[in-house]
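Asker: Residues per chain, in single letters:
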Amino acid sequence: MAASVVDRTSYKYKLGTNRLGLWLFILSDAFVFGGLLVSRFYLMGNTRPHLEQTLGLVVTAILLVSSFFMNRAETAMAHGDQKTFLQGTLITLVLGVVFLVGVVGVEWQLAPFGPGDGAHGAMFYMMTGMHAFHVLTGVIFLWIVYRNGRKGLYTAEKHWAVEACATYWHFIDVVWIFFYPALYLIGTVVG
Amino acid sequence: MNEKKKVNFLTLGLVRGIIFQVVGALLGMGFTMLIRILIGLPAWNAEPVWVSGMFVGVIAFLIGVGAFSDWFKWAKGEETSDHHSADPSLPGWAKYYSISFDHKVIGIQYGITSILVLGLAGTFALIFRTELAAAKMQFLDLGTFNSLIGLHGIVMIAAILLGIGAMSNYLVPLMIGASDMAFPRLNAFAFWINVPGALLVVSSLFFGGFDTGWTAYPPLSARAPLGMQMFFLGVYVIGLSSILGSLNIIVTTIRMRAPGMNYFRMPIFVWASVATSIIGLTATQFIALSFQMVMFQRLLGMGFFDPGNGGNVILFQHLFWFYSHPAVYVFILPGLGMISEILPVFSRKPLFGYKWIALSSMAIALVGFFVWAHHMFTSGMAEYLRVPFMYSTMLVAVPTGVKFFSWTGTLWRGKISFPTPMLFTLGAISVFLLGGLTGPPNATVATDLHLHDTYWIVGHFHATMFGGFMFPFFAAIYYWFPKITGKMYNEAAGKWHFWLMFPAFYVQSLGQMRIGLLGMRRRIADYDPALNFDFSHLIITIAGFVIFTSVVIFVVNIWRSVKRGEVAASNPWNSRSPEWLLPTPIPEHNYADHPFEVVGEPYDYGLEDAPYIKMPSASATD
Amino acid sequence: MKHFVRVAILVVVLTVLLGFGLDNMGYMPELASVQGAAIDDLFRKHVWVISFLFSLIMGFMLYSFVAFRKKPGDDGSGDHFEGNTSLEIVWTIVPLFIVLYFAYLGAEALAETRRADPNAYNITVVGSQWSWRFDYEDFGFSSTELRLPVDRQALLLLTSTDVIHSFWVPEFRLKQDALPGEGMERELRVTPTIVGDYKLRCAELCGLEHAYMLSDVIVMEVSDFEAWVAEQTEGPAGDGAERGEAWAQQFGCQACHSLDGSDRIGPTWLGLYESIETLVDGSTVVVDDAYLIESILDPQATIVEGYENVVMPPTGASMTEEQIQDIVEFIESLSE
Ligand code: HEA
Ligand code: HEA
Ligand code: CUA
Ligand SMILES: [Cu+2]
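Protein chains in written order, with our numbering: chain A, 1 to 191; chain B, 1 to 622; chain C, 1 to 336.
For reference, chain A alone in the conformation it holds in the complex (with noise of 0.2 Å):
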């Protein structure tokens, strides 16, 4: 290797650091949801709980429709745009709460039986419960951004934080992708 002495201070050096240590937080981080889905599958195999359809639909709806806006606000803080990064911002943020409100605020309540009915009760509220969490922790992330993006914090070539946070919103909604199919989807309904 040529002696090319790299200047490890550099932005750009820790941009790249970074986005690997991102990149491997969700790759550990998967593997709770994958274990959630395998556990989901041998506990309950062909079967899937009874669940509100529509719901379903609208709330997976929201969480894809977010993840647009998401990457809106990001491209368009890439291109300095300030504007428009706030505002993708603000309507990710509004809809991941509404998201929210619709999982744990509307199924868990219309769902016909509780976390302590059988597997599909375990399992239904388990993986809603642990996905919900995760969209916690990225509302609040883009809370964070937001005011820090109000204060004018980031630039064009400096906005790392507001990356992480689209990476992470996107991570969120691609799990929920593998999801909603295994709750809402496959199989027959039992419980």
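Honestly, I wouldn't trust all of these hints.
Per the computed footprint, the stretches of chain B lying under chain A, defined by three or more beta-carbons under 8 Å from a beta-carbon of chain A, are [to be verified]:
1. 360 to 371
2. 511 to 519
Partner residues are not named here, just some residues of chain C that face chain B (Cβ under 7 Å, in silico) [stated by the list, open to error]:
3. G19
4. L42
5. H80
Taking beta-carbon pairs under 7 Å as the criterion, some of the chain A residues facing chain B (in silico) [what the hints assert, rightly or not]:
6. T17
7. L20
8. G21
9. L22
10. I26
11. S28
12. V32
13. Y42
14. A119
15. N148
16. K151
17. G152
In case anyone wonders, no lab produced these hints; they're calculated from the structure.
Every residue gets a Cβ at the ideal spot worked out from N, C-alpha and C, and that includes glycine.
Fit chains B and C with the ligands to the known structure of chain A by using the hints.
Answerer: Same frame as chain A, but now just chains B and C with the ligands:
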């Protein structure tokens, strides 16, 4: 002494953290009770109140110790200084009791905690070993005995994880020529979270203990006393530390290497650390998940593992071992790396088959992911899983064998000398060989039907863990002691340590294996006098005490040598590794003033004019 | 070269010493089952491979310590060689074949332990904290000791009423966990070969008294076994209370209930009848026939204060009405 602030007890992060933890736990409990009243439940229900209280306590500890301070500032949009150590106005020793982002300080913090925790777990072992020295119950009751074996197991495992944290935190950045870890704050956080975690695990003893062993199988763990929850919570927290620590090591190795340090020129210990970290980063999530599921089964009646409520007890074992088997390779890979690191130095020869050894660590780590069900051959899991898992398990012997043969090749035609670190290294090889070779009989299903859950298994895993961790850990401490402290340890005391511990260990482990084959079950407080095991058990107990004594000698030696050992040369072992070319004590920013470039191979002992690194400004100090 | 010759001799000597030494020390308990023979054979092969590999590596190392140790005052270095790819390949491939071969042997031996005899008779083995019960399905009675006829295969169906237990008789070599839950019964086949008394030892930590979860295992001549079966199927003679005592014996109630007023895992039966019991919900009941029958049939229906953490197994479900009635009479007789 000049201008140093007098140490006020409260300036120590550790003290502040513990106070916060207690207060936080109380607040958390109060808060939970408040919520319970608001939703119309009786305020007091021991389990949820204690569990949520303790959880809040952990977070409070971290706030108290200052692990979050910088992150809170970031959240508020404030800048923080790039790298800093503990309050510089404190005297030297105090920095180890407060938050510091210096990887060397964190390494030492890990190391000291590890030895303290080791002493605790060893004491547990001696207590129940004394009980076992003769048949019938002498001075323990059944419940206490059961809690003690489980605590001994898990606290030892915590000691290992901390010890690995010590070695990899201290050494990896130094060996690859970095000035610190990639994420110093995360590093400090990952260390400090162990403290409340360990406190929680040990606190289980005061909540009725838990009678499940370290494996915590439900449905037993779903019925165990409240101590079980403290165990779960504590391990959960320690697991988080493992995950974050591993992440840091991987990123550091990938991003922070010195110029010219390509992957096949890294010291072998770095390879081992990365292999370990891959497991720690991913598999740990599964033990966390499995414990979390039992916790919630207990708290909310969720039926994951409750056969009466839609659950399945085998599922837990799959989730648990998916982590806990790879974890055993977490325990040994750094130790095996250590062996490969120290052997060439004292054989004055290159490491035999560098690439093979490096890649065998990776191979062990990767194959290790596909063997977990060998702990479940008799568990009643699906029949058809037994044979494939037997084959996969047997495969691990191959890369492990490569290491052994290569070590033998390293010694061959060397110029071998035997100071304490080398003795421990050689002892490690021999003990780990015993442990490793007793693995295949467990791995073939048929023989495991007899061996499972006996003292044979106990003998097997003590040999692997002593050989793969304890001996190499001591070797590492003796070896780097002069660099870390600038003093030399007492060689005679070091030899005493070894010559007591090594034979005593063989007696302990072989004794366990022997009675295991003859019918001694694991985890029993009392054994049938008709089996005539009294004498063997007595010998095992005595051996345990001898090991304990030897470690006491070690601790005293270290303590005294730090205080008034001889001043050590800057490279007493004549090593080629970059950290030895730095002045002692190592500057706070490592190579910031000694940038180096890799120009050769790490283990080219015996070749004149084939330096490993070129460090312009350091030539003066050499 | 001379080094290699010497090491080779050292390794051979060590292997032979270790291997024969271990072979002759009697490291296993007496072997008393057909299935165990396959296991012992395989284990013996393992022991020889262990002896050889341990001697091989330790032989090389010990020899190196002596032949290649640093002489005082010699500050030089060892021979310079960094590895040898063909050697590395050899010591990757050879162990690979050895382990694959052993896995193959392991699978063979496993199949041997699972070979089914169509004439095997069935016994359901029920583990509960902390006792065993054996239901002789083919003959219709239960017992607290496991009696087996010699040289005939028994098909054990293992199950548990509470937590995981494990069936292990060291002389049979076999082990299998007993799992709680429906559909979780697991099989184990045993063909005892030697008449004698053994002990079944629960091998899975199952709570407080795991250490004491033992049962007698008695391997009998076929004729003795048949006589015993006849005696058991006939059922006990005498009046209700006497029969009840025998049933309680058979179904293992005394593992938890003492007859002398002492505290065991469950409440004592002495003076139980017509006493007043406090339940966990704070209410009290007078112990009468109806309450006793309910307690036996559905132990979870009423739980006595102080026994929240132990669960009485639903043994009543596998008893006849008459048997339960007899036991109630027996309990009643203890209050007279
Ligand atoms: C440091 C930890 C460590 C290590 C490294 C190992 C290494 C191995 N272990 Fe062990 N093991 C434990 C820690 C460890 N184990 C623990 C803690 C338990 C009990 C858990 C509990 O229940 O509490 C356990 C239990 C355990 C079981 C379950 C037993 C039971 O409960 O019934 C099995 C079964 O397969 C097993 C197998 C193996 C094998 C095949 C290896 C292999 O990796 C060994 C490979 C090494 C060699 C084989 C030696 C060197 C190789 C050569 C010289 C090459 C030539 C060799 C051949 C051709 C054979 N181990
Ligand atoms: C690193 C891991 C490790 C280590 C080192 C040990 C060390 C010892 N172990 Fe243990 N052991 C386990 C890991 C370990 N063990 C595990 C995982 C289990 C399974 C638990 C379960 O079944 O759930 C187990 C189980 C286990 C059993 C089986 C219990 C049972 O199933 O009934 C036994 C019985 O003999 C035993 C004995 C011992 C003894 C005598 C020592 C001795 O070597 C101990 C000697 C003492 C020390 C090494 C400490 C010395 C330290 C100091 C003196 C410190 C000085 C003080 C200060 C710094 C203040 N251990
Ligand atoms: Cu039943 Cu141990
Ligand atoms: Cu394993």
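Asker: Each of the hints needs a verdict: does it hold here or not?
Answerer: Hints, one by one, checked against the model:
Using a Cβ-Cβ cut-off of 8 Å, 0 residues of the segment 360 to 371 of chain B lie near chain A, which falls short of the minimum of three, so the contact claim is violated. Counting residues of the segment 511 to 519 of chain B whose C-beta lies closer than 8 Å to any C-beta of chain A gives 0; at least three are required, and the coverage claim is violated. At its closest, the beta carbon of C/G19 sits 13 Å from a beta carbon of chain B; the interface hint therefore is violated under the 7 Å criterion. The interface hint given for C/L42 is met, as the beta carbon of that residue sits about 5 Å from the closest beta carbon of chain B, less than 7 Å.
Hint on C/H80 holds. Least Cβ distance to chain B is approximately 4 Å, under the 7 Å limit. Look at A/T17: its Cβ gets to within about 5 Å of chain B, closer than 7 Å, so that hint holds up. Annotation: A/L20 was flagged as interfacial toward chain B, and the flag holds, the nearest CB pair being 5 Å apart, inside 7 Å. The interface hint given for A/G21 holds, since its Cβ lies 5 Å from the closest Cβ of chain B, which is under the 7 Å cut-off.
Of the supplied interface hints, the one on A/L22 is violated, with its beta-carbon coming no nearer than about 10 Å to a beta-carbon of chain B, more than 7 Å. Given the 7 Å rule on beta carbons, the hint for A/I26 is violated: about 10 Å separates it from the nearest Cβ of chain B. Nearest Cβ of chain B to the Cβ of A/S28: about 5 Å, under the 7 Å cut. The hint holds. Taking 7 Å as the C-beta cut-off, the interface hint given for A/V32 holds, the closest approach to chain B being about 5 Å.
The restraint placing A/Y42 at the interface with chain B holds, with a minimum CB-CB distance near 5 Å, inside the 7 Å limit. A hinted interface residue such as A/A119 counts as satisfied when its beta carbon comes closer than 7 Å to some beta carbon of chain B; here the least separation is about 3 Å, so the hint holds. For the restraint placing A/N148 at the interface with chain B, the shortest Cβ-Cβ distance is roughly 4 Å, inside the 7 Å limit, so the hint holds. Of the supplied interface hints, the one on A/K151 holds, with its beta-carbon coming within about 5 Å of a beta-carbon of chain B, less than 7 Å.
The beta carbon of A/G152 comes no nearer than 9 Å to any beta carbon in chain B, farther than 7 Å, and the hint placing it at the interface is violated.
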